[in-house]
Amino acid sequence: EDKVVQSPLSLVVHEGDTVTLNCSYEVTNFRSLLWYKQEKKAPTFLFMLTSSGIEKKSGRLSSILDKKELFSILNITATQTGDSAVYLCAVRNTGNQFYFGTGTSLTVIP
Amino acid sequence: SAVISQKPSRDICQRGTSLTIQCQVDSQVTMMFWYRQQPGQSLTLIATANQGSEATYESGFVIDKFPISRPNLTFSTLTVSNMSPEDSSIYLCSVPWNTEAFFGQGTRLTVV
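Note that the protein sequences, when read in sequence, are chains E and S. Quick note on numbering: the first sequence equals residues 1 to 110 in the numbering used here. Quick note on numbering: the second sequence equals residues 1 to 112 in the numbering used here.
No false leads were slipped in.
When the alpha-carbon atoms are kept at most 30 Å apart in a straight line, the in silico BS3-like pairs for lysine-lysine are as follows:
hint	chain 1	residue 1	chain 2	residue 2
1	S	Lys65	E	Lys41
2	E	Lys37	S	Lys7
3	S	Lys65	E	Lys3
4	S	Lys7	E	Lys40
5	E	Lys41	S	Lys7
6	E	Lys56	E	Lys3
7	E	Lys57	E	Lys37
8	E	Lys40	S	Lys65
9	E	Lys68	E	Lys56
Quick caveat, the hints were computed from the structure, so don't treat them as lab data.
Extracted from the complex, chain E is given alone in its bound form (with noise of 0.2 Å):
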C-alpha cells in the first residue's frame, strides 16, 4: 500500500530556532515529492523535489530528496511565528495520484 509517514506529528519551538521535519514514503512508480504549507485552508506550495541530493532553496526554507533511502527533510532556520503552521508532504506517482502525509504541525513561540 502506498504511504507517506511524517515526522513529528508536532513541534513547538521558540523563534530563531532552527527546526527539521522528515518525510519518508513508500509509493510504486515515484514521480515527484512536494512539500506544502498549509494555514488555514488551501495548502501553498513550498517546493517539488525529482532527484537526489539536490537542495532547493527558498529564502530560510530548504528541503533535499534521498531516493534511495525514501525519505526527504524540510529544513527551517531562524524560525518566525509566520511559518506557524501545518507543513504537509506528498509524493506524486506517474498516473498523476498525489499521496499525502499527515502533516506536521509547527507552533513559533516568540
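Use these hints to put chain S onto chain E, whose structure you have.
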C-alpha cells in the same frame, strides 16, 4: 499556474441536508481531485473526477454519499449528501498542473 475558485468558503448545515461545492479552474484540466480534511488530519482523497467519465472513488467513499459532476474541463462539483456531524471537515478540490498540484481555497463545512 492554475487558479481555482472554490465556493462556498464555509457553510453551517443541518444534518440530513445536502451541500454542493463548486470548483472553477481558469484553464482546461483533465483531472480534478476532491479531498476531505477532517480536524487534525491530513488530506484524504475522496475521488478523482475526469471529464466525460464517471468519477473514480477511493475506498470508503461512495457515489451516493458524494456525487460528483464534471460537465467540462474547467468545472466540477462535489455534493455532500444526507449530512451528519461526522461530515464536518474541510473539503478541497485540486488539479495537477505541470510539476505540482494547485488547490482551491477550501470549503469549511460544519454540520449541526
